[in-house]
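If you read the sequences in order, they're chains A and E. Going by the working numbering, the first residue of the first sequence is number 1, and it counts up by one from there. Going by the working numbering, the first residue of the second sequence is number 1, and it counts up by one from there.
Since the hints were made in silico from the structure, they are not lab data. Please note that a few of the clues may not be correct.
Stated by the list, open to error - In silico DSSO-like pairs for lysine-lysine, Cα to Cα no more than 27 Å straight-line:
hint	chain 1	residue 1	chain 2	residue 2
1	E	LYS219	E	LYS164
2	A	LYS296	E	LYS312
3	A	LYS876	A	LYS127
4	A	LYS876	A	LYS254
5	E	LYS345	A	LYS299
6	E	LYS312	A	LYS299
As the list claims (entries may be wrong) - Just a sample of chain E residues kept apart from chain A, beta carbon distances all over 10 Å, derived:
hint	residue
7	PRO222
8	PRO288
9	GLY412
Glycine residues also receive a C-beta, built at the ideal position from the N, C-alpha and C atoms.
The residues making up each chain are set out below.
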Amino acid sequence: MGRLVRLTSVVIGALALFPCISLAQGGATISGRVTSDAGPLPAVSVFLSGVNIGATTGGDGRYSFVVPAARLTGLSATLTARRIGFKAVSTEVTLNAGDITHDFVLQETSTALEGVVVTALGIQRDKRSLGVAQTSVNAEELTEARDPNIVNALAGKVPGVEITADGPPGGSSRIVIRGENSITGNNQPLFVIDGIPIDNSAGTNSGFGGYDFGNAASDINPDDIASISVLSGANAAALYGARAANGAIVITTKTGKGSKGLGITASQNLTFETPLKLPDFQNVYGQGSGGQFAYKDGKGGGIADNVNRSWGPKMDGRPIVQWWSNGVAEPWVPAPNNVADFFNTGRTSTTNVAVANSNDRSDIRISATDLDQKSMYPTNTLRRLNLSLAGGTQITPKLSTRASVQYIQDEAHNRPQTGYNSNSALFNIEIWGGRQRDDPHMMDYINPDGTQKGPNNTTTNNPYWDVYANPNADTRDRVIGVGDVTYKFSNWLTGMARTGTDWHRDWRKQEFANGNIGVDYSGGAFFEQQYFIRETNSDFLFTAEAPAKGRLATTFNFGGSRRDNSTSQYLDGTPHLVIPGTFNIGNSAVTPQVSSYQTARQTNSMYGQAQFAWNNYLFVDATGRNDWSSTLPAGNNSYFYPSVSGSFVFTDAIQKMHLGGLLSYGKLRASWAQVGNDADPYQLAVTYAAGTPFGSVPRFTVPDQIPNAHLKPERTRSWETGLELRFLDDRVSFDGTYYNKLTTDQIIPAQITPTIGYTSAVVNAGSLSNHGIEGQINISPIRGKKFGWDVTANYARNRSEVVSLYKGLQTVVLGTYWGLSVEARQNQPYGTLFGNPYLRNSAGRLVTLNGLPQTDPTQRVLGHYSPDWIGGLQNKFRYGNFNFSFLFDTKQGGQIFSTTKMFGNMSGVLKSSLVGRENGQTLAEGGGLIVDGVNADGSPNTTKVTAQAYFNALFQNHEANIVSATFTKLREVRLGYDVPSSVSARFRITSMKVALVGRNLWMHAAAPDIDPETAFDNSNVQGIEFAGFPSARSLGFLVNITP
Amino acid sequence: MRLSTKISAAPLIALALFAAGCDNSGLTGVNHNPNAPPSVTPQFLFPSAVTDVVGRARGGGFDLTLTSLWAQHIAMDRFTDEDTYSIRPDNINGYWSGFYAGGLQDLATILGQNDAKTKPNLVAPALVMKSWTYGIMTDMWGDIPYSQANLSDPSRPPAYDPQKAIYAGILADLKSANTLSVAGTAGYGSADLIYNGDATKWKKFANSLRLRYALRLSKVDPATAQTEVAAAIAAGVFTSNADNALLRWPGDGTNNSPIYDNFVTRDDQHMSQTLVNTLKSLYISIGPTPADTVFDPRLAVYADPIISSPNKALYVGAPNGLQDDAAIAIGITNTSRVGVAYRGKTTPSILMAYSEVLFDEAEAAARGWAPGDAATLYNAAIQASMQYNGIADNVTAAYVASPRVAYSPSTGLQQIALQRWIALFSEGTEAYSSWRRTGVPDLQPGPAAITTPHIVARRLTYPVSEQSFNNAALQAAITAQGGALLSSRVWWDKP
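Whole structure, please, built from the sequences with the hints as guidance.
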């Protein structure tokens, strides 16, 4: 009876699945069952290559199909069972009359070369079917030589991904894939966790004074990540819509699936950090001007004692009154390590404990991570707690649900002020610190009455005052929650509904003690900010795997989503307090500064995708998406964009292409996509900005930016083509892509002549093109059982061009610092550095006046911040239980405007400022230099000038301070040992791994004094450097235990 | 069956979401800005405009670090860029866009939205403030956008108007402001930070400004100058220091005098040797010996004694236009700071003072363009300046009687010009323009001045940002003026 039912169901199933073929008579039936470790395996495609007939397994893992009599040639054919996520298995069958039964057992695959990848909307796909470039990074890559910021952990590992990190712990990192698309908008990819887009905004400009509060994605705990898919551009990410024009980082978190037993893992990572590179300081001349110095009051009362530059007397031990010596002349000697000694050895500790469990219906995972950082910067700490809970259950055979929630708590103290800011300790010790100022004396920064004690009493704080008297703190509480239900309507139709929210509150407070110098905070001051950000995305997705018709398999996805984003910010503070030391708004001595700002936006979307697979070697995908955005005007707020892509595995289609076994796999792919993008909120109509009341008189003003009631969406059009090849049984593999993209109708705040009454206008204008190549090669020279060696190299070059801008507009200035502009300038690559060069005559000679080089008042292009190419090279060795890996990462080309060089030479602290004072500080002592140039009349310059005058003349000569951005870093080194189970078992431990790990151990850079990688901030303004926080060289160890 | 009822929730949720996704009618409402109002009345714009243009023109940047340096009232003791006429482009871009996209746009909005006939007392003060601002701007930059400026249409970058046309426009606007102002009709009330809604005083300010700008044409168009001067005086100008156009800063921490805010964090602008030495040269002898000489009494108000000397009456000015290291070498304790009266939290910014009006009237009388006795007006002008600076009348009487000050018809125009230059302390734009028109005093460029030929700069160069944003119009203006170098003269500035 049971057999009859089963047989009937198979027949009915076969009838249902193959209505056309079921009518065929007189052939042979091929049938069988496909299983895996977990039991029967549905949705496996079983087909006969060469004959091109096949079927898909049902819920019981069974398949069956009929080969028409005409095809029964008596020849041998290959029967292959293939399913996403499993290694395909083939067998030879002879096509004779009579039924054939063959069962398959499939193994799950884990290699990135073949197998399942997570694509847009969380749709799992067989990698071979993708018509676009996509790179997966597995979990070990993120935790083995870990960086607390997962963005940094991607550096050098994914072709075309450019990471720029800021120095301080918890600082922000900028990530750009295949160059910038948007002239003034966001150019960083969308971050998606378990299908839900999350916020990656970065707090506060860090480059030009201020604090760096990090990019929000750095909250994601690497320990909780199962895999990361990098969707390299609009082509791969079109289904994510507007925000995916810059690509997407799709993160899948770990689940308890497959866990058995206790399922506990614990890991401990401890690293120590020291500055990778500090400026090269001179130690010959001390503070002062014109070779003179004597301290009296630090306000100019002595000789040049209000001058913070190091153009003073030679530090030869001569007796000079110093700031700490109470009028007594003390030996004038250098303090060569005053900057290095300012920094501590940093310490970063990460502890993770995770428990995972599962049975045949449900799974759960709980993970707790504690990140505890003590920075190189004195008193700076960061503590981050990540708690995550993820679980899923199969409620009925058709209904399943999953949910996860992460709680993240950050708490930081005393983040360093960076950049040009009179409250920046780095600025006050590096640039304006006289070379004779020693830390022991400087650390005595406070008088008994609480006022500041320091060497300068007019413009700059004692750096230790900055550190100890002006504390700051910030916290972030964040919850990311997502839940979904999936219902399997039938074998071929599945529906899913999901909603998720990323919510966080950031609180920040900066305090300044009474006695601050440089900025008047008499009485003391504080500034407090609160930010609330909420991003909710709800979506549904129907997936229909249409019954295979012969060699054709089709899958349809149809879905919709709604995105709600809201932000609120509340700022309060006061520059003057009544009672020093009580940092509360009620204690303000003047009208307190308070403000608030809210934004809200909503996007509704509908989208669909159709996938056609022909014989599992030819694939065509088409997608379409329509968005309705709240930020565009009613008539223009709906926009549709399509994409199409194809993949052709020619080695499967044409056996000869295997070239006699040389080529194990070959695939061609191509894709064309369009993505639309909307505006920021409130760009359509004029609103008047409130000013602070003048006494009791309220003030409102016309804003500086003129809105645009007729905005339309901007468009990115992109096509790419790629080739994947694997040779010699996959020992060598290559994946290369060429892409070309153009973003038009950009929504830009175009700077206009302010004589119109506004400094900028929101316009749809401008197009920016990018094209480039990227590729990755994997080689496994040695694949022994005991010894293995794998090499991975990647390379990418991108060329961008600002094709056009708003009519009559030559440039869009992204930022101007010290007269140098970072621009999107017409017919130039994006990120042009535009500034003042040397004044030269027609013959190209420097023109001097009074012996000094002159600056040409006409600005011109001096460089570009984007590199010519970027690349990474990773080697992994395995010998028995030992493994060793190292990763080099390089950026070649591009320029940086180094304000450390400009200010450091002007202030005379850098070694390079010794030019012209080899024989003495003044002309009378025999010092000075003769600039190789000509006078205005063309006669050679013969006037000798002091080094002090020379470097002062180079201030805001931008050309003189442009340096190469090229660098190569030894990004990661790891030496690991997997403790043999025979040993670990003695400690009742299932497995144990230990490793020595290092990051940024070595750097080669052409630029003097700085790490060219230092990010200016998280925005599009790059290519400028100012006394940035030094990047860290870190070294430590890792222990990973599974009890 | 119960199970299937439950599980039907899944497609229902999906459908609900689908419906939500399709409902796009509410989207426009989401984009209503909750942070700022879509319209405001002129009472809120006018104080913003006034504080913006005055705070900028009389602030630490445009005044202390530019126009007062070029008038040689102030000298830099380091960072000598502007003092040597080497202009930092960012600053000039900022002043230019600050005027046009700041206060001038608020004023243009008021003028565009209010009818002169129905709201005369809202329109007249806006016309006066617009004229005051454009007067400063065209004096510094020559030809600038004026008639087509502030039209709020990014597709129409304005042409530059010749300075001659701008002057005609200013004089016409001031004339109509005088006609429009009606005492007793509602104005800005307490939102009028200059005159607290007093229409009569706005009339006087309009006429006094008209006098200022009419006289500026004395060399280039004496006929117009004469007619306009006479008309302005006849219409009624300032008659006492109580009429002064002043912006009084509350000094509440958020709205301090911009000069105060400047000196809180920097100490690099000191008194110029030129002004200090001039004030010293105008001494009064109160006894037979050199020790019995008293400097121009305003010196002790304008300047502080140097702090490196115990002598409380030792005033030293710093030379203008030195190389940075040479300026530093002098030492900031060895030269005088700006006097405390001019750098207090509540120190008013002067838009125009009674003394300037009297000097202008004196000059008009000396030229025979207006009634009155030049000597009397000259003495009254000095007295007004002295009174403003808190100097007792008996000291003033001795001062105007001293041979170095006493009016002499043969040198009258030079004396008037010199005293006006002195009285215009803290109004760098006016002192600089007065010097350019009269050549008094005989200012010399500092040794490190970058001008070719080596002279005191005669105008500001255009902001480089205009090259990027409105280059065709800019180049046309430069061509029309025969060049716009630091050494080029604006239209009214004739040798």
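Here's how the hints hold up against the structure:
The suggested pairing of LYS219/E with LYS164/E holds, with an alpha-carbon distance near 13 Å, which does not exceed 27 Å. Restraint check: the Cα-Cα separation between LYS296/A and LYS312/E comes to about 20 Å, which is no more than 27 Å; the hinted pair holds. Restraint check: the Cα-Cα separation between LYS876/A and LYS127/A comes to about 24 Å, which is no more than 27 Å; the hinted pair holds. Distance restraint check for LYS876/A and LYS254/A: the Cα-Cα separation of roughly 25 Å lies within the 27 Å cut-off, and the hinted pair is therefore satisfied.
The hinted pair formed by LYS345/E and LYS299/A meets the criterion: a straight-line CA distance of about 22 Å does not exceed 27 Å. Between LYS312/E and LYS299/A the CA atoms are separated by roughly 19 Å; this keeps the pair inside 27 Å, and the hint holds. No beta-carbon of chain A is positioned within 10 Å of the beta-carbon of PRO222/E; the least distance is around 31 Å. Remark: the non-interface label on PRO288/E is consistent with the geometry, its nearest Cβ contact in chain A lying 37 Å away (cut-off 10 Å).
For GLY412/E, the non-interface assignment is confirmed: its Cβ lies about 41 Å from the closest Cβ of chain A, beyond the 10 Å cut-off.
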